[in-house]
Amino acid sequence: MTGPARAALWMLAGAALVVAMSALIKHLARELPIAMVFFFRMAFALPLVLPWVARHGPAVLATERLREHFVRGAVGAFSMWCWTYGLKHLPLTTFTAISFTRPLWMTITARIVLREAVGLRRGLLILLGFVGVLIAVRPEF
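Residue numbers are given in my numbering: position 9 of the sequence shown equals residue -2, and the series is strictly consecutive.
In case anyone wonders, no lab produced these hints; they're calculated from the structure.
These numbers come from a predicted model, not from an experiment.
In silico SDA-like cross-links for lysine to any residue, where the CA-CA straight-line distance does not exceed 20 Å: (1) Lys77 with Ala32; (2) Lys15 with Val126; (3) Lys15 with Ala66; (4) Lys15 with Ala34; (5) Lys77 with Ile87; (6) Lys15 with Ala86; (7) Lys77 with Thr90; (8) Lys77 with Val126; (9) Lys77 with Met25; (10) Lys77 with Ala9; (11) Lys77 with Glu20; (12) Lys15 with Leu81; (13) Lys77 with Phe28; (14) Lys15 with Ala4; (15) Lys15 with Cys71.
Taking CB as the label site, the calculated pair distances span: (16) Ile87 with Leu17: 16 to 26 Å; (17) Leu109 with Pro40: 40 to 50 Å; (18) Glu53 with Gly112: 34 to 44 Å; (19) Glu53 with His16: 36 to 46 Å; (20) Leu116 with Gly75: 19 to 29 Å.
We put the beta carbon where it would ideally sit given N, CA and C, even for glycine.
With the hints as constraints, model all of the structure from the sequences given.
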């Protein structure tokens, strides 16, 4: 199998796993508090990191930028909390449509934070992407 075909299969598998995880979290969040669902979502990620740390040793986690890592971790945890909250309270189709705006927000953030150049064509495409999501979320408009 060629590299691109293998990559496409990995991407499809990843997308399927994200959908399965989202459906499972939505199901569990009906009965459990968001804090508990959030905790277990984060706890299930830990075993994926542990083999890497075990292989390379705890020194692989050493950093000279502890403050920045803490800020990134706090922002990431808050983001995951918001993701879990939205997943619980929105229909899965609406949640998925809104989640498709992630690349659009990344481009806007890269423009603001990193001062990346965003030309007129890309800016119009971002605007068109948001319009598409609005149509998907509220088709009666």
